[in-house]
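**Q** This is what each chain is made of:
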Amino acid sequence: MGSNKSLSRRVFLKAAGGVVGASGALAVGSNLLRSLLQENDGPVYLRTSQEEEIISTVCLLCPSGCGMLGRVADGNLVKLEGNPMHPINLGALCPKGQAAPELLYNPDRLTGPLKKIGSRDSGEWEPITWDDAIRVVAGKLTQLRENGQPERAAILYGETRGQMRQFLERFMASIGSPNVISHDSLNIEAAKLGTLFTQGIYDLPVYDLENSNYILSFGANLLEAGRTPQRMVSGHSYLRQGRAVRGKVILIDPRQGITGGKADEWIPIKPGTDAALALGIAHVIIRTGRFDTDFVHNYSFGFDDFVGEDRTLHKGFKSYVLENYDPERVEMITGVPATTITRIAGEFSGNPPAIAVLPGKGGLLNGNLNGMSAAMAILSLNALVGSLETPGGVLTQRYVTCPDWPEMPNDDVAERGRQQERADGAGTLFPLGNHAYQAVADRVLDGYPIEALFLYDANPIYEAPGGGRFKDAFEKIPFIVSFATFLDESANYADLILPEPTFLERWQDDYIEGLGYPGVGLRQPVVEPLFDTMNTGDFLIRVTKEIGGSVSKAFPWDNYKSLLQERLSNIGTGWETLQELGVWLIPGYHFSRRGSERWVDEVVGKDRKKSPRDGRFDFYSRELYCLLEEKNDDLLAAMGAGVSGDELFLPHYEAVVYQGDEKEFPFVLNVVTLMSLGPYSYAANMPSLQEISGMVVGERWGSWMEMNDEYAHKLGFHDKDQVWIESPFGRLQTKLRLVKGMREDIVNIPHNQGHTAIGRWAKDRGVNGLEILNPASEPFTGLASYTNTRVKVYKA
Amino acid sequence: MTKWSMVIDLDKCVACQGCSMACRFENNTPVVSPDEAALGRSIFWNDVFPLRSEEESAIASGQAKFLTRPCMHCEDPPCTKVCPVGATYQDTEGIVRQNYTRCIGCRLCTVACPYGVRYFNWYEPTWEESLERHLTPDQIEGRAVSEGPSIRPKGVVEKCTFCVHRLFKERDRAAAEEREFRTEDFVPACVQTCTAKSRYFGDLDNPNSTVSQLAQSRRAFRLLEEAGTHPKIIYLHEG
Amino acid sequence: MVRQRTFHPENVHEESILAPIYKISSKDLLLWSGLLIILGVGAYAYFQQLISGLGVTGMNRPIYWGVYITNFVFFIGLAHSGTFISAILRLAGAEWRKPLTRAAEAITLFSLPFAVASIVADMGRPELVLNMVIYGRFQSPLIWDITAVSLYMFSSVVFFYLSLLPDIALIRDRITGIPKWQHRMYEILSLGWQGRSQQYHRLEKVLDWMAIFMTMLVVTVHTVVSWVFGMTIQPGWHTALIGPFFLLGAIYSGTAAVVIVLAILRRVYQMEEALPIDLFNSLRKLLIVFSLGWIYMMIAEFLTIFYGNIPEEMEVFWQKFTGDFSVIFWGMTILVFIIPLFILIVKGKNNIRWMVIAGVLINIGMWLERYVVIVPTETRPRLLYELAQGVYRPTWVEWAITLALFAGMILLYAIFTRFFPIIPLWETAESLEEDEQKVATRRQRIFGQRIQSRIKKEHDHANQ
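Residue numbers (the working numbering), protein chains in the order written: chain A, 1312 to 2107; chain B, 22 to 260; chain C, 6 to 469.
Some hints could be false.
[What the hints assert, rightly or not] Each pair of labels, with its calculated beta carbon distance range:
{"no.": "1", "chain 1": "A", "residue 1": "Pro1702", "chain 2": "C", "residue 2": "Gly313", "range": "53 to 59 Å"}
{"no.": "2", "chain 1": "A", "residue 1": "Thr1712", "chain 2": "B", "residue 2": "Met22", "range": "51 to 57 Å"}
{"no.": "3", "chain 1": "A", "residue 1": "Glu1839", "chain 2": "B", "residue 2": "Glu150", "range": "16 to 22 Å"}
{"no.": "4", "chain 1": "A", "residue 1": "Glu1457", "chain 2": "B", "residue 2": "Glu150", "range": "41 to 47 Å"}
{"no.": "5", "chain 1": "A", "residue 1": "Glu1363", "chain 2": "C", "residue 2": "Phe326", "range": "57 to 63 Å"}
{"no.": "6", "chain 1": "C", "residue 1": "Gln53", "chain 2": "B", "residue 2": "Ser151", "range": "26 to 32 Å"}
{"no.": "7", "chain 1": "B", "residue 1": "Leu72", "chain 2": "A", "residue 2": "Asp1972", "range": "38 to 44 Å"}
{"no.": "8", "chain 1": "A", "residue 1": "Glu1839", "chain 2": "B", "residue 2": "Glu149", "range": "18 to 24 Å"}
{"no.": "9", "chain 1": "A", "residue 1": "Lys1920", "chain 2": "B", "residue 2": "Glu149", "range": "48 to 54 Å"}
{"no.": "10", "chain 1": "C", "residue 1": "Gln53", "chain 2": "A", "residue 2": "Pro1789", "range": "53 to 59 Å"}
{"no.": "11", "chain 1": "A", "residue 1": "Asp1972", "chain 2": "C", "residue 2": "Phe326", "range": "46 to 52 Å"}
{"no.": "12", "chain 1": "B", "residue 1": "Glu149", "chain 2": "A", "residue 2": "Glu1973", "range": "43 to 49 Å"}
{"no.": "13", "chain 1": "A", "residue 1": "Gln1731", "chain 2": "B", "residue 2": "Leu72", "range": "55 to 61 Å"}
Because the hints were derived from the structure by calculation, they are not lab data.
C-beta: ideal position from N, C-alpha, C; glycine also.
All chains, full assembly: derive it from the sequences and hints.
**A** Okay, structure coming up:
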């Protein structure tokens, strides 16, 4: 027994040794094999392109206009970096800018001019030469002019950069049409009108975030969307960590989003009640006497009650607000606790410089005067605390000075045409409006004769609320030309498609907006145009030459580039430097003293047409009074004004008139723009952007609808359910995603999905929330109704 | 010795995903189809995502805090330890690199990495038609070596390399200009593009560098510090 | 060539044991071709995977490992049956094991190649499999695995072959009426075995030595397999218990597999006498012990996690207990433990059918157990965030390859039983004698005496 045991122990040890030995042998063998098979490690080196150059340009995937440096390797654009010289982005680029090579090399781009064969919706095209296209377009316009109906030509435009807006206006003016219709009524027009009717500047306010201590954002999704998200992000960074004292950011919005998530405080507010909250804050500030008395008494109008030229006593802002907007009442309207209102008012007035920020797209376009009035109320807060034209406050955008446009040649036909009513009804049907893009469909269907329609960066079928009506309207327009780069929804209905190259292949200038001081950026071809495309500017100049006469005299340039060279000859540097740097600016914002000459000329009152340009900020809008004075109260009420008398000209709150009964349609639909896909249709066909599109909820390549999670559970919904969203105007099916950061009474659908055209990656993916929005226009301003549509949600 | 490191200030970061895109175009990571993306097979060496709130499993778009996450380039990387063939390794300057030529696609490193920064090529990476033209020509090569933006074969693992090819390029440039290479010459693409200027890059061994200074901040923390991996990505808390 | 005299043990069951070798029936061909078809489908699936990439599987990020790795672990587990029965029980001197040693070892032998195949199927670049040898880094648990498994495979082949040697020689000499090539094959494989007592001595000695070696390997191999997971710091994997747990599970499922195989052999080849019911009763006792050991490990593992309540561990814990994997987890527990234990205790005694049912349930359950160890952890990685919460749905490719691996294993086994005795003639012959003597520890001496007395007898006979 014992011997047996000792034997087995010996055996065990031997065997154990064997295991170790075997492993060792394997290791040695492995090394041996390695040395046999692999010679000594060679050098590791970088292999790259043969030739390389860096070319500056300016991005156009959102309105920020960031400077870019393109790395062109062996003739291909392989990478873009932010241009460190450009003040908007300071060397940074957002995902859209980084992904821009996918726009340039997109396989779904139009490769040359096309002419429709057969009917409107045949979808069949044949190539046409540029010369023929010029002849066709010139022929059509000449015909209209010969018939004495040049106003029957119209252009709908989207994003125009630099000289392009004035260029288009000049082109249409030379033809003789007033119909140069901007898509501003879909987004920034409410804010611009609010600024005009108070400060007297028809432009967006500029915010000096870097030097501000307190940012009160009313529905402005600063960090994701808006007019200049990139500039806001840089400003936000500086405000947060770039200086000794960290500034505070408050977001007032029914949806939290990224901006609310990053903010120090998020105040969920009942949708469409921003005006009431702003006035509630004003109430507390006035009541506690914490306003800027110098500004209010010396540089504003209508703060106190006043006797007007009509010798009647008019109510001023102060007594109106004190009477009507005590925090308790505002709490009932907005759902924001009175204590919060009081606290925010204290913080806002007690942490100068403070800024109240206007929303860009969406937030204010409520479908009645409330939207514009909210803008006025928010701007009034800035005026109250004296933030206008102060460091850390609200600045006014200045632009580089360009030489005057050459005088328009005399042309009776054109002169008569220009006096005609606009196709969108701006200035007539919509007395306060400058543009009513979305209204064109109804106007055409109601009989306004458009015989030649140009679409420049315009895709109304997709981007206007209830844009489907444009399909019917287009049936009534005999000649439609689209300058689209992709075959988008609207281009599908065109007779001619004259593709413009992408922004990476064309000459175009760009005003630097969002910092206050003037500057320009220059877009130039980073690579030679890939396809048979033509800059729309070049095309239209050639059309004028074809038309000849006074029209061609109005355009004494060979091409758009030479026009740019002339227009930008006074900016303070030469063309070569601008081309090399991609940007030129006159940095440093020069503040003007209150009441000084520059104050009057540039900061307050500049763009008033009917009321005095006296350098006074209007708490009581005299411009509005003048524009509406001919209309009596009954007429105004018939147009949908919720208030009358002095209240109409003061910033006020009126309840949003919603489409859809609250009982049947419990949610307000909110279409939100994301950082990833941005506002422009063609970005939806960039696959990398699609892949990152829904990061906030973990979705990619598609749509979803956000709903408050607790409320959804109460209603029996689950995350990722397929649901129908139905408004009085239609319904859509998509995936439900439950989120925490939003009120119970709203639902959100991200913008820029649900295309039915454009290309392989954009088409038939997700839903377009705009389809089921109220297609009506606001009767005073002609603004699109963005946020007054109610919906119901049920499982699919 | 240089020890490359990155500091990311979450107070500034706005989750714009510019870093993700810059990385894609710098390093030639492919777009995957919608179906693939739904499976979680998207390749973003630098990913941005909402961090999960404490208890809730539902996504909280608003209340969620966002995180942007490149490779941590751990000082003690769990991934290089387990690689059976040495395809992934830490170079002398602390960058965790990946040699596509040697990788056998066993994915032990991908399951070993606690941060999920390693990506696998489930299919041959492809770019539709003309999109191929935007691919970066930069490739790190050598005998049986291909790294960085070099086009990957199917079946290998890839990951953030701190844009090591840019380091090569800057070294080459310094040599061509007959000057010393300076650490400031080199930044990865994500740092260069960061919209919120929330990223800092530099040498953690140099006590005067920005990253070293920021690493001393009271706001500084690292992901999964308890895992003992000693990441060289240093985050700064919000606030 | 003058043939030397050979000596073979006498075995009362020789006829029934050798019976399957005489003819290959049409049923065999049917089975084999069926299995070949499955293999073909699997090959097609693998071809698809090879051409397109691993994207054709359901694996994704972060679930980088799925069914293939589950198969790998499972096959390694199966492989433990043979070694356990023949090596560990040999060392323990459990004589009853003898009739089933070869059947069990064959499971080992034919499982291991498919374990390796599972790994190759899982590789993104199988063409570079040699890199593991060329550039192998010993710091990598995967290299430990490769080393351990290949060593195990090699030793198993040797161990198996050595114990087969006397029987090949016996067939060579005794079987007639088989094709020439088959006979030639036995001649070559028998290596001129003569059955002299010295040879038996050496053989026994070598087998004893190897049994020790194999016992160590058995522990090593499965522990090392588990270390591929255990050496990472992922919740649910990073536990010291994972090695012993894997090992016990392996032996458990391996033993259950032996039950199934034995029952089939007994039925199909009418070996009721050679494989008496007592064998099953012995295995039953083992299985009861293992099942209790398994539940002990389960409780030790999960109670520790639950009590510790570390958040990332709990994420995985709840995934298993109430989350996405709860059906598989509880199903597994029922299949591996609750039903088999009930069957084994209440129904199993003297009842082969119930034993087989238990064996099948245990093996299905063990496969699920491997799955539920590997996958849930991947769905809840340490750094928690929404996008990383994976869902894993294996595709037809993975199932086809999985089925093919099992079909391949069964095919090899089935073919083997038609060419070699699946019950060791020489070992059982000896043991029959020893049964009478009841002195297990002295078997060698007695065995030697028996052979020597026979040699003497024959020598005398020759002299006459």
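**Q** If you check the beta carbons of Gln1731 (chain A) and Leu72 (chain B), does the distance land in 55 to 61 Å?
**A** holds, 59 Å
**Q** Does the Cβ distance between Glu149 (chain B) and Glu1973 (chain A) fall inside 43 to 49 Å?
**A** holds, 47 Å
**Q** Evaluate the given range 57 to 63 Å for the C-beta pair formed by Glu1363 (chain A) and Phe326 (chain C).
**A** With Cβ atoms ~58 Å apart, the hint holds.
**Q** In this structure, is the beta-carbon distance linking Glu1457 (chain A) and Glu150 (chain B) contained in 41 to 47 Å?
**A** Given a distance of about 46 Å, which is inside 41 to 47 Å, the answer is holds.
**Q** Starting from the hint 46 to 52 Å, judge whether the C-beta atoms of Asp1972 (chain A) and Phe326 (chain C) obey it.
**A** Since the Cβ atoms of Asp1972 (chain A) and Phe326 (chain C) sit about 47 Å apart, the hinted range of 46 to 52 Å holds.
**Q** Given a hinted range of 16 to 22 Å, is it respected by the beta-carbon distance of Glu1839 (chain A) and Glu150 (chain B)?
**A** Once the Cβ atoms are compared, 19 Å apart, the range 16 to 22 Å for Glu150 (chain B) and Glu1839 (chain A) holds.
**Q** Given a hinted range of 26 to 32 Å, is it respected by the beta-carbon distance of Gln53 (chain C) and Ser151 (chain B)?
**A** holds, 29 Å
**Q** Is the gap between the beta carbons of Pro1702 (chain A) and Gly313 (chain C) within 53 to 59 Å?
**A** At roughly 56 Å between Cβ atoms, Gly313 (chain C) and Pro1702 (chain A) fall inside 53 to 59 Å, so the hint holds.
**Q** Is the distance from the Cβ of Glu1839 (chain A) to the Cβ of Glu149 (chain B) consistent with 18 to 24 Å?
**A** Between Glu1839 (chain A) and Glu149 (chain B), where Cβ atoms are some 22 Å apart, the hint holds.
**Q** When you take the CB atoms of Leu72 (chain B) and Asp1972 (chain A), is the distance between them in 38 to 44 Å?
**A** Between Leu72 (chain B) and Asp1972 (chain A), where Cβ atoms are some 40 Å apart, the hint holds.
**Q** Between Lys1920 (chain A) and Glu149 (chain B), is the Cβ distance one that fits in 48 to 54 Å?
**A** holds, 52 Å
**Q** Could you check the hint for me, namely that Gln53 (chain C) and Pro1789 (chain A) are 53 to 59 Å apart, CB to CB?
**A** holds, 56 Å
Checked against the numbered hints given earlier, the structure satisfies every one of them.
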